[in-house]
Structures are given as C-alpha cells and as structure tokens.
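Number of protein chains: 2
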Amino acid sequence: MTAPSSPAGGAITRVHVPLPGREYDILIGRGVAATAGTLVAERLKPARAALVTDENVAAAHAPAVADALEAAGIAVTRIVVPPGEATKSYGRFAEVCDGILAGRIERRDVVVALGGGVVGDLAGFAAASVRRGSAFVQIPTTLLAQVDSSVGGKTGINSPHGKNLVGAFHQPSLVIADTALLDTLPVREMRAGYAEVVKYGLIDQPGFFAWCESNWRGIFAGGPERDEAVAVSCRAKAAIVVRDEREDGDRALLNLGHTFAHALERITGYDGARLVHGEAVAIGLALAFRFSARLGLGPGQDASRVAGHLASVGLPTRLADVPGGAGDADALLDAMFQDKKVSRGALTFILARGIGQSFIARGIDAGDVRAFLADELAAGG
Amino acid sequence: MTAPSSPAGGAITRVHVPLPGREYDILIGRGVAATAGTLVAERLKPARAALVTDENVAAAHAPAVADALEAAGIAVTRIVVPPGEATKSYGRFAEVCDGILAGRIERRDVVVALGGGVVGDLAGFAAASVRRGSAFVQIPTTLLAQVDSSVGGKTGINSPHGKNLVGAFHQPSLVIADTALLDTLPVREMRAGYAEVVKYGLIDQPGFFAWCESNWRGIFAGGPERDEAVAVSCRAKAAIVVRDEREDGDRALLNLGHTFAHALERITGYDGARLVHGEAVAIGLALAFRFSARLGLGPGQDASRVAGHLASVGLPTRLADVPGGAGDADALLDAMFQDKKVSRGALTFILARGIGQSFIARGIDAGDVRAFLADELAAGG
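Taken in sequence, the protein lines are chains A and B.
Going by this note's numbering, the first sequence opens with residue 1, and the numbers climb by one from there.
Going by this note's numbering, the second sequence opens with residue 1, and the numbers climb by one from there.
Source of the hints: derived by calculation from the structure; they are not laboratory data.
The reader is advised that the hints may include incorrect statements.
Any copy, or any two copies together, can satisfy a pair, since identical chains are not distinguished.
Stated by the list, open to error - With a straight-line cut-off of 20 Å between C-alpha atoms, the simulated SDA-like cross-links for lysine to any residue are: (1) Lys-163 x Asp-365; (2) Lys-45 x Arg-108; (3) Lys-163 x Pro-83; (4) Lys-45 x Gly-308; (5) Lys-163 x Gly-91; (6) Lys-163 x Arg-108; (7) Lys-163 x Glu-70; (8) Lys-163 x Tyr-90; (9) Lys-163 x Ala-102; (10) Lys-163 x Gly-133; (11) Lys-45 x Ala-72; (12) Lys-163 x Ala-94; (13) Lys-163 x Gly-272; (14) Lys-163 x Gly-21.
Extracted from the complex, chain A is given alone in its bound form (with noise of 0.2 Å):
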C-alpha cells in the first residue's frame, strides 16, 4: 500500500483487522487526527456524530476534532463525562446512550470516542447498545488506548462485583491513533500504557521486545519509534482478535500478566493514585515470569530480563512496589478466584515457557499460587 501523509507531514500506518463483515482499519500516525472529519465522512458518511470525552479531554483535544467534523458537514452533539474508572458505571452509560439518543443519532450516523480506554471502553457499550448497535470510531489519546483497548471490540463497563463485567463486545468501524495526541501525556500514564507494548513482545514476538530493550527512549520521546511500536502492538492484537474475537481460545493470551493485575487493582480499590491498569500489569507480567520460572517452565533468566526492562523504564514489578501494600496471599488469591476469567473454579493463568513463548495453562494450583505469593511478599517482592 501507498503511505498517505498526514497534515503534519509524517507517514499514516494502516493496520487492517479483516474481522469478516466487520473489517476495519486502525490508522496510525503523528497528526492523523485532524483529518478525522475527512476520514470519517469519506468512509461512514453520517450526518450526526456524538463525540463522547472527559473533562480532561475536552479541554484538550475535543475542539479541534470537532472542527474537522463540522468541517466536514458532519453535526456533532457533545457528550462529556468526568475522567476516571468511576465513570464506567452504570449510571454513566445510562447518560451516555440518552445523550446519543438526544443527539437524534440513528443506526447510520456515528459514535466517535475521542479518549483513553475509560471513554473507549463507555462510548463503545454504548454504541453497542443504543438502537441495538451503531457505528463507533475510536480516536484513542493514551498510549494504552491506542495499542490496547481501542482494538478489539471488547467495551463495557463495571459493576460491584468487579471490572468489565458488564458490556459487548462491538468492534469499531475505524480506530484513528494519533501519536502526536501522546506528546502531553504525563509520563506515569506513558509508562503505563508501555506495559502492554511489551506484553505484545512477552507473548509471541521476541524480537519485539528484544527492539523495546533498545528503542523504548525513542517511544516515550515521541520520534518514529512511537509510530512503530504503536503499529507493531495493534497488528499483534489484531491478528489475535480475528483469530478469537469472542474470547473463547488464543484470545486469552492477551490475558499475560493480567489474572495477577486484575487482583492487584481489586485490592487497591480501583484507586488510580496508587495503581493504574499498566502498572498493575507491569507487575503481573514480571510475577508471570517468575511464577512460570518457579513452576520449572521458562527460565530464570528471562524472568530477570522483563522485570529488568520494565523496572529500566520506571514500571513497578514487584507486590512491594505497590503503594499502601498488596495485602496478603490469601486476599490476592480471593481476589483472583473472583476474576471473571475464572472458569468453574479452575484457575487459568497465561505462562510462558520463555519471551515471546507463551501459552495457556489450565487447572493451575490455588495452593502453588498461594505458596509463590506468600514467598514473593516474604522476600518484599
């Protein structure tokens, strides 16, 4: 294919995900978002887009793509929600879906989430849900959003009884990454977000994670290898996705590091201050690693270079790194029985036999991971 300019001259990535009778394409690049009217008009030709951000956002970068929507005759009715993991609630998307309804937004007009995965993850259920389904464009403004949760099609919110349980998975008509939107991330949600760049490495592309070892400086700067890992990430995802959209088999390799995560954010509460998503996988990738080591399937030695790098990038990768504590093995178990991706009581955990060599593993024992967590946090790790 042609590499199309963006306005502020850099090159236009596409990544295709050929999701039969849902393909869609995720480009990326330094400025892309401006053309987003041009773009969206061209491929969805809506007459009314609802724009869902946050306050933060909003500020931000909500007027410029609101311009270059009307520019390009498209109506647009604002939706602003407040920042933050309480803002996937229940009462939000009940907010969202009548702000779209209001918005008198039909089946063939579009959805456009223009922020991180909390609005991506919101304005997609949404989507999803309003008329049964309509068309979603995602314009992801965190480095996380845009190699994680904008592909894939998984949206939802939260409920009491834990993270995402309660959603659809409704995959995107076109994904706009503009890299340049990451200049002014704070560098804690940068790292974040890098965490589930190297988990792309981590689970199938040793090479890949060989080149975050060398380029990641050129990542966070924001020169072209932005753009690469970026491009590199939302082509591992995708060719995952197309495999399993639903989740029912490989699919659960993007699980690496996560089954850990998932309980360390459950025990600090959802509480962004003391841990964020990434962080939490940053961690839950280096036990992964570690536990895999213990169990006699990869070695040692891997397990010290990812915990090496990430800790190289100022990722935490220990249970000590959590502030305010990770509680004890027993509640870090309990927490991990209630994940979701618990099925009948058999704990799968994604483990590696080595970078870039991961797999599934079913029916792993709750007593060897109790007794790795209990050492992990006797040695203050």
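Mind docking chain B on chain A? Use the hints.
For chain B alone, kept in the frame of chain A given last:
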C-alpha cells in the same frame, strides 16, 4: 422428524432457527416447560442458572420451573422484578446484571427468562451484557412472547427517549413455548398476542390468515389450534430473522402495523391500563390496510376483512377505540417521526397490496399520513 411427547402427552413441535453459528430450537407444546430441566441440562450443560421472572409469574410458574432445573442438577438463583413496562429501565437492567453476577453465573452457565415480553427483553439484554454474552433460554408465558418477542434475538430496555432504544441482538440458545401456560392468561392478553399471530398471515401468508378466521376460537380455548398457531408464527418469524437478523432489510416487514402502534403507545404514555402493545398493533394493522387502500395500493375489501376479523375476536381497530383518545393528527404524526425506525427523516411504512402481500414502502409523504389520520379521527375512526 419424530414428534416426542411432553409429560402431558401432547406432541412437541420443534421449530429450528438456523442462524449460522447460533442456531437454536423453539420447542412448542402443552406441558413442555415441565421438562425444562432436562432440556436445558442436555443441550447447554450449565452448572448454574439465573431464573428471571416478574412477581406475577414468580407466584404462578417459577416454582415448577425452578424445581425442574434443580432436579436436573442445575443450581438456581432467582431474580424477581416487578411486572409491567416500567421494569424495562436502566435501573432494573443494572439490578438483573448484578443479580446474575451475584449468582456467579459464568459465560457457559445460563440465564433463563420466564415471563412475558418485558421479562424476556430485560433478561435477554442482561444475558447479552453480563461478561459480554451469556447463554440465554426463553420460557415465554404469554401468547405475545411465544409468537413474537421470544424469537429473533431482539432484547432491550426503554429510554426516556423511547421504547426499546437500548439493547442488543442476542439470540437465545433455546426457546421453550409451553402453550398450557396460556390457560391462565387473561383474555385481554390472549387477544393482544393474537394480533401478532394475525400479522404473520397479513405479511405473506394469506392462507394462514384465512385459517385464523376459521380457527381462532380453538386458539383461545387451548385446543390443538393454539399449538399450530404458535408454530406457524414462530416459523414465519424465524424465516424472516434468518434472512435479515439485524433488520437491514426484510425484517422490517415484521413492523407491519407497528409504526402506527408505537405512536399510539407513546400517545397513551405506555399505560397498559389504556392500551397494551398488541391492542395498539391491532389498530395499527387495520390502519396500515386502510392507508394502503387509500393510497390505491390494495383493495378496500381486504382492509375491511382485516378490521372485521380483528374486531370479531374483540380487538380494537380504530383510533376512536383508544381509551382517553388518540390525540390529533399532528400529535400522532409527531409521535411517529420520533420512532426509531425513521431513517434520515423519511417515513418508512410497511404497507400491503392485499392480505399476505405486505411490502416496505419508503419515502411516504408525511402530508398524506396526516390527511389520512385527520380523516380517520373525523370519521370517529
């Protein structure tokens, strides 16, 4: 196929819905609900079930169904909601989702909706959403639900902006239509469901309409005609749904009479004491045929025959039949234009060239509709 027997000794009719990847059976017969436990256990092998009912059904039918499920080794969590359309709300949606989660129903377990359309729509949307999709079984307890809402996968709740505006397409894994459950149904609800039965004849089966004219008493009395009518209706709906699951085309034919009906329901504030859905549909069917005749599309005697048959079973057929009045032509027209089936401001109706000859009529002029409604109102009609 062989016709297995129900415990009550009657034959069970199987209607297969061959949606690719999500095919399912509708089992119709007197007493078939008593075998719900075995049927669900054999086909879905769940460990647990959430049994969603309303307060009326909970008293009449839930104990027998819960016993049947438990006798088959399925642990049952009961979720009871108030009866009535107001239950299809965001708040009850949250309540049912959380009830399913509290019951630790996993993706391979099952949500069972035992009730009329309200329970089926609400529980179905919750089943679609919890863990982004749980298995779902319908045991409809009204004629309307047995011939219409339990088949086809439309689920949802109401918004302040209108009815059924928020939901999901989520096909059941099994529908158990026990026609004996209708023996205790109030005659007004039987009639309301019967309007939808008649609709299938009017859409494309003139022979079935004629059969209804001769056999409706048996349907109401619970003779074998009832099972036959439910089976023909389910087959008709299934055939259309398989052709067009997501209502991009032919499925709109199922809305015969419904653009008028939804407007009447809106005008009467969805007050079931004044007008229930099936009654609004009966008036809508009669109006659709009279409007078709007025536009010169079909013969006036067919319109008379339709209204005559609906009136003979005790259904309303005229705007004057709406208790408290149907408003004026402008109010009705405005209520129609708010309808979610309006596309880009152009009015789409399902009209008919005769009994069994319905078609999708696009771009119908609002002025023609207003004049028709004004004349109907002026004629006391």
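Here is what the structure says about each hint:
Neither within a single protomer nor between protomers do Lys-163 and Asp-365 lie at most 20 Å apart by alpha-carbon distance, with minima of 24 Å and 49 Å respectively. When the C-alpha separation of Lys-45 and Arg-108 is checked against a cutoff of 20 Å, the pair qualifies only within one copy, where the shortest distance is 8 Å, while the shortest distance between copies is 39 Å. Only within a single protomer do Lys-163 and Pro-83 lie at most 20 Å apart by alpha-carbon distance; the minimum there is 16 Å, versus 30 Å between protomers. In the homo-oligomer, the alpha carbons of Lys-45 and Gly-308 never lie at most 20 Å apart, since the shortest distance is 48 Å inside one protomer and 46 Å across protomers.
Within a single copy, Lys-163 and Gly-91 get their C-alpha atoms as close as 15 Å, and across copies as close as 19 Å, so both meet the 20 Å cut-off. For the homomeric pair Lys-163 and Arg-108, the shortest alpha-carbon distance between copies (19 Å) is at most 20 Å, but the shortest distance inside one copy (30 Å) is not. For the homomeric pair Lys-163 and Glu-70, neither the shortest alpha-carbon distance inside one copy (35 Å) nor that between copies (30 Å) is at most 20 Å. When the C-alpha separation of Lys-163 and Tyr-90 is checked against a cutoff of 20 Å, the pair qualifies both within a copy, at 12 Å, and between copies, at 19 Å.
Taking the closest pair of Cα atoms, Lys-163 and Ala-102 come within 20 Å of each other only across two copies (14 Å); inside a single copy the shortest separation is 28 Å, beyond that limit. In this assembly of identical chains, the alpha carbons of Lys-163 and Gly-133 lie at most 20 Å apart only when taken from different copies (15 Å versus 22 Å within one copy). Taking identical chains as interchangeable, the C-alpha atoms of Lys-45 and Ala-72 lie at most 20 Å apart only when both belong to the same chain, with a minimum of 10 Å there against 52 Å between chains. Taking the shortest alpha-carbon separations for Lys-163 and Ala-94, both the intra-copy value of 17 Å and the inter-copy value of 14 Å come in at or below 20 Å.
For the homomeric pair Lys-163 and Gly-272, the shortest alpha-carbon distance inside one copy (14 Å) is at most 20 Å, but the shortest distance between copies (38 Å) is not. In this assembly of identical chains, the alpha carbons of Lys-163 and Gly-21 never lie at most 20 Å apart, being 29 Å within a copy and 28 Å across copies at closest.
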